[in-house]
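Novice: Below are the chains, spelled out letter by letter.
Number of protein chains: 2
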Amino acid sequence: MTPAHLQKLSPVPPRQVEINDGFWAPKLKTNREVTIPTVYQRCRETGRIDAWKLDWKPGQPQTPHVFWDSDVAKWIEAAAHSLATHPDPKLETTLDDLIDTIAKAQQPDGYLNTHFTAVRPDMRWKNLRDWHELYCAGHLIEAAVAYFHATGKKKFLDTVCRCADHIDRVFGTSPGQKRGYPGHEEIELALVKLYQATGERRYLQLAKYFIDERGQQPHYFDVEARERGEDPASYWAKTHEYTQSHLPVREQKIPVGHAVRGMYLYSAMVDLAVECQDHELLAAGKRLWQHLVHKRMYVTGGIGSSRANEGHTADYDLPNETAYAETCAAIGLVLFTHRLLQIEPDTAYADVIERALYNVCLSGVSLTGARFFYENPLESRGNHQRWEWHECSCCPPNIARLLATLGQYIYSQNAHAFFVHLYIGGNVTIACNGETVRLTQQSNYPWDGKITFRIASEREVDLTLALRLPGWCRAAEIKVNGEEVAIPPRLEKGYAKIHRRWQSGDQVELNLFMPIERVQAHPQVRANCGRIALQRGPLVYCLEEIDNGKNLNDLVLCRDKELAVNFESDFLGGVSVITGAAKRRQLAPWQEQLYRADLAATENIFFKAIPYFAWANRAPGEMLVWLREACYSGDPSHSTQFA
Amino acid sequence: MTPAHLQKLSPVPPRQVEINDGFWAPKLKTNREVTIPTVYQRCRETGRIDAWKLDWKPGQPQTPHVFWDSDVAKWIEAAAHSLATHPDPKLETTLDDLIDTIAKAQQPDGYLNTHFTAVRPDMRWKNLRDWHELYCAGHLIEAAVAYFHATGKKKFLDTVCRCADHIDRVFGTSPGQKRGYPGHEEIELALVKLYQATGERRYLQLAKYFIDERGQQPHYFDVEARERGEDPASYWAKTHEYTQSHLPVREQKIPVGHAVRGMYLYSAMVDLAVECQDHELLAAGKRLWQHLVHKRMYVTGGIGSSRANEGHTADYDLPNETAYAETCAAIGLVLFTHRLLQIEPDTAYADVIERALYNVCLSGVSLTGARFFYENPLESRGNHQRWEWHECSCCPPNIARLLATLGQYIYSQNAHAFFVHLYIGGNVTIACNGETVRLTQQSNYPWDGKITFRIASEREVDLTLALRLPGWCRAAEIKVNGEEVAIPPRLEKGYAKIHRRWQSGDQVELNLFMPIERVQAHPQVRANCGRIALQRGPLVYCLEEIDNGKNLNDLVLCRDKELAVNFESDFLGGVSVITGAAKRRQLAPWQEQLYRADLAATENIFFKAIPYFAWANRAPGEMLVWLREACYSGDPSHSTQFA
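Listed in order, the protein sequences are those of chains A and B.
Letter by letter, the first sequence follows residues 1 to 643 in the working numbering.
Letter by letter, the second sequence follows residues 1 to 643 in the working numbering.
Keep in mind that the hints are not guaranteed to be accurate.
As the list makes no split between identical chains, a pair holds if one copy fits it or if it spans any two.
Unchecked claim - Here are the computed lysine to aspartate or glutamate pairs in the EDC-like style, where the Cα-Cα straight-line distance is at most 16 Å: (1) 286 / 592; (2) 57 / 122; (3) 153 / 92; (4) 208 / 280; (5) 178 / 168; (6) 550 / 317; (7) 550 / 315; (8) 608 / 562; (9) 295 / 592.
Hints are computed from structural coordinates only; laboratory data are not their basis.
Chain A extracted, bound-state conformation (with noise of 0.2 Å):
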C-alpha cells in the first residue's frame, strides 16, 4: 500500500452490529415482518414473481415490463440481507424457490431478462439508453451477491456470473462487440461487487469499460438510436444529460439528468477509483458530491427535484410542494456517500448519510410499513398520499433493502481507529488487534444526544475511538469512566478521537446538546427565504394540518418566542414534537374580499411539529416543512401580543 492508498476505512458489515435501540429497532422489526412480505406479495400479484416462468403469451394481461426483473431482485437482495442477521427459513425456502425458476428463466448463451424473452425477443440489446436490461441485470447481480454473502449457496451467484459473461461478451471495444453501456447505471456497482465476491477481474474490467466508455463520442445512444431507425434527435428527455452520459464520467463537474441514475454511477466510480487506485475517477467523484450536497440537496437529505426528469434542474431550484426526492435517489446518496466516507472519514459525509436516512429515506414509508412513497416533497395540499404500490415500484423494495443492511452504515475501523458514524443502540463486535472486542452503545437518541459506549474485550486493547461530533450539533462533552475528555475546538474531519488501551468496563458518556434548531436555507434557495425549518438533532420536522388546521403557509412562528420539545410515547409510534408560539391571519373578516390593503387582523396559536418522517401517517391534510417566521415584539402592526 502507498500512502495514496485510497480506502482508509471499511464498514463493519451488518452481521457484525446487533441494534436494539427504541427507535430503528422497532423500525427494522417492521421491514422484515411487514414491508419483506409485503413487497414480495405485490410482486407475486402483479405477476413480477410468475415473470420468470417465461409463459406470457400476447393478449395476456400483466405484460413483463422491462424493469420488473429489478423490483424482484431488489426483493430478493433485501430479503437475503435479513436473512443474514435474522435467519428465517421459511423466507429461505421461498427465496430458493424463487431463484431455481429464475436460473432456470436463463438463456443457454447465458442471457438473463423476462421482458426481452419472454415479450420482445426480438429486440434485445437495441435499446440501451431507454429501457432497463443492463439496469435490471446489476440489480441480479447484487441480489446473488448479497444471497451468496446471507447462506453461502452458489447456485443464484453461478447464473449471474454466466449473465455478466455474457453481457462480457456482447460490450467492450473489441471488434465485433457492441460499445453501448446503460442508459440507467446500477450493472456498474453490481460488477464491482460481483468481482469483490468472485475474484474475477474480468468483472471489474467490464465494470471500468462501462465507467469510461460513457460519453464518449460518437454517442452510442445516436448511433444506436439510427441503428434502429431512429432520429436522434426525437429523443424524448432531449439531452444525454438525462443519463449523464452528456461527457465522459471523469469530465462531469455537476450533478444532472435522473437523480437515481446518477446516484448509481458515481457509486460505482468511487468503487472503481478504490479498486483500481484511480484518483481522478474519485476527484470526480468528490467533485459531483459537493455541487450536490452544497447547492441541490432538500434539508431532508432528498434529492433529484424535478418530476420531468426525475432529476436535477438548477443549483438552488429546490420547490417544496413539487419537490420530486424519490426515494430511491436519497438511499442512492446514502449509499454514494458512503462509499466516499470509507476513503475520507469526515462527519460532512455521515452527516449527509444521517440526514437522509431519517428523514427523507424514513419518509419512504409508512409507519406500518406497507405503504410507500415514491416523491418525498416537502410540502402538500393533503393531496399526496403513500401508495400500497406503484406502477414503477422501485422504491419500496429499495427502502426494504436499505433497512435490512442499515448496521453497515453505523461503524467503520481500519488497523488503528474504529469509527463511530451514527448513534444507533445496539452491540457490535470488531477484531482489533487480534483480540475480539465488543462495543455496546445505549441512549434514546435521535431524541436525546446522551449516548454512552461500554468495552468488553477479554484483554486490554490500544484503539482510538473516533466519535462523530455532527453537524447539526454545536457543543458536545465527553466523558472516559466518568471524566471530561477536552474535545479541541478544531476537531479532525469532525471526529472526535480518544486514543487510549481500553479495558474491559470502560465507559464513554458522550453528551450531544441537542436544541431546537431554526435552520435556514442558503438565500439563492427562493422557495425559502422567510422561512425555517425545525430541526432537532438529525431530524427535520414538519406541521400536519390534523395538528394545526388549514393554510400552514399563513402560519407564522414568532422567532421572539421559545419553543418546547416534549416526547409523546403513544403518538406516531414515541416521538418528539416541537410546540411553540405563532400567528395567522383571521379568515372572518376577509369575507369575499381576495385583496385588501388595509393590515389584516391575527390570532395568536400555538403550533404542533412532528418529525418529517412520520408525516401523512394519519388522516390525509396540508404539510409543511419550511415554516414562515418573524419576530413580533416591537411590531406596532400586530396589538395582539402574547401574554
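We have chain A; now place chain B onto it with these hints.
Specialist: Below, chain B without anything else, positioned relative to chain A:
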C-alpha cells in the same frame, strides 16, 4: 320596457371618444403605428394571409393551421376599429384586398375556413371539440361587423352572413342537423353582434341554440368522437370542464377549464341575457364572475393560473412563477366584465376592468409595441421574455383590437345619467335630451389622482354625472366650480352622482387620494402568505433584477419605513417608481453552506419598484410582484438598523 329590463347603460362608442392623455394616447399611437402593422407582417411571413388563396398543397411548408383564420380575423378587427377613429386609406386598401381574397375563398355553400378547405376538406365539422372551425367563424364575423361599422362597406358582412347562414343550416335541433356547439367558444358573442348589425333574428337564435345546447346529454363531443371512431374516454383533456361543457351553462357555478373559452362563453351569456331578457342566464353569468374575481383572479387581473389547461385550477390557487394568466384570458375578462357593467353600474365591475387593463393586459405587449407576452407570470427567474411571435399567436392581434377599442370602456350613458368608469384624458361627445354635450377629461392619471372635467353645451342640460370612486381609493374629494360637494359615506354601487343643470364651462374636480398601498392576498392564497403587492392607484408594481439585483425573494420590505413615489419622465416611457427600504441576507457569510442554523447577517438596501406592465422591457432578469415584508423595529435579532 319593464322595470326588470336588463340593460341599464350603453357604452359610448369609441367614435365619440377622443383620447389625448399622456398615458394612453402614446400607447394607442404605438398600437396603430407599430403593433397593427407588425401583426399583419407576422401574419404574412407565417403564411396566414396567403392561406386564404387556398393554394396550399400537401408537402408544402406553412400548412394552414386550424386556428390561423382567427389570427387574421382578429387583426382585421383591430385594423377596422383603428380605421373607425383614425382613417388610414392605405390600411383600408390592404383590408379591402384581403377581404376580397377571403370572399373568394368562400365555398358555394357559404363555408369559410382555410384549413378545412385547403388541407382537410374531409374533416369539415367533424371535430368541434378539439378544432376551431366555429371559433374561427366567430372571429371572422366580429371582424366583418367591425369593418362594416368602420367603413360602411357591406362586402365582408355579406360574406360572413352567408357563412353564418351555412352554420345555421348545419347546426340545430331539426332532423338532419348536427346538435353540436364549439369546443372553443366565440361564435356565440359574434352571432349576437351580427344580429345587432343586420337585424336578422336567426343569428340571435343560433347563438341561443349554441348556448343552451352546451353541456346537454348525451354529450355531443362524445357522440362526435364515437362517429370519428374514437373512444370518448381517450379525450386528452380528460374532462369536459376544459370546454365549459361539463354542465348546461345555466347550472354552472364555478369558472372552470380553459380561461379564454370561458370568458367568451360568459360574455355571450350576458349578451343573450340582455337580448332575450333572460334573468336566469344573467344570474349564471354573475355567479361565475363573482366566483372568478373573489377566488381565482391575480392581483394584476390575470386569470387562468395553470399551463396544463390554460385555465383555472382551484380556489385561491394562484402560483406566481407558473401563473399562466394568458393575455387573451385577461382581455376576455374585460369583455365579460364590461357587459355586466352595462347591466348593473357597479364600480366592482369597473374596478376589475381597470385592474386588468392597466396591469395584465398592458403587460401583454412591449413598450415598443412589437413583442408580446402570451403568459403573464407574477414572478420570473429571468427566463420569461416577450416573443416576437408565437406559434399560437392569439394574443398579439387580441391586444391590438383591445387597444383599438379602448374608448368604449371609458363612458356609459342612459337617458338620465352619464357614467365615467375610467379616468383617461380626452374628449367625449354625447347626445343628451336633444343636446350635444362635450365633456373634456384632463389628468395625469394613473400617476396622479386629480382629474378635471369641463362641460361644453350650447344650452343648459339636465344630467346626472356619475363618477366612479375606484375600489383602490380610500378617500376622495369632489368640487363643482370650485365648491366642494359632499360624498355620501355609503355610495350607490361606488359611483358619486352629481345631478344638476349643467352649463357650458362648468368644471368638476375629482381628487382621488392615491397613496402607495401594501396589498395583501386572502390567507388561503398560499403563494402570497407573508407577502404584499405594492399598488398605487390602479397600478400594481413589481421589482426587476436590473434595478434591485438578484434573489428578489430574499429581499424584505421594511413595514416600518416610508415608501416614496417619484415620476421619472425618461424611464420606461415615463413612469412613477416606488422606492423604499428593504433588507436582504448577505451572501458572503454562507460560503458553501446550503443550510445553517445561526441567524444570517442582513444588509440594508433601497429597492426600486416599477409598474408591472412595464417589466421585461430592459435586460432579462428576475421579476417579482409579491414581496416579502416584515417589521424590524424592536427585532433584537436584527442589530443593523436604519439610521
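Novice: Now tell me if each hint is right for this structure.
Specialist: Status of the hints after comparison with the structure:
{"no.": "1", "hint": "286 / 592", "in the structure": "between (55 Å within a copy, 15 Å between copies)"}
{"no.": "2", "hint": "57 / 122", "in the structure": "within (15 Å within a copy, 40 Å between copies)"}
{"no.": "3", "hint": "153 / 92", "in the structure": "within (11 Å within a copy, 90 Å between copies)"}
{"no.": "4", "hint": "208 / 280", "in the structure": "within (13 Å within a copy, 75 Å between copies)"}
{"no.": "5", "hint": "178 / 168", "in the structure": "within (10 Å within a copy, 65 Å between copies)"}
{"no.": "6", "hint": "550 / 317", "in the structure": "between (26 Å within a copy, 14 Å between copies)"}
{"no.": "7", "hint": "550 / 315", "in the structure": "between (31 Å within a copy, 14 Å between copies)"}
{"no.": "8", "hint": "608 / 562", "in the structure": "within (13 Å within a copy, 36 Å between copies)"}
{"no.": "9", "hint": "295 / 592", "in the structure": "between (42 Å within a copy, 8 Å between copies)"}
Checked against the numbered hints listed earlier, the structure breaks none of them; every hint is satisfied.
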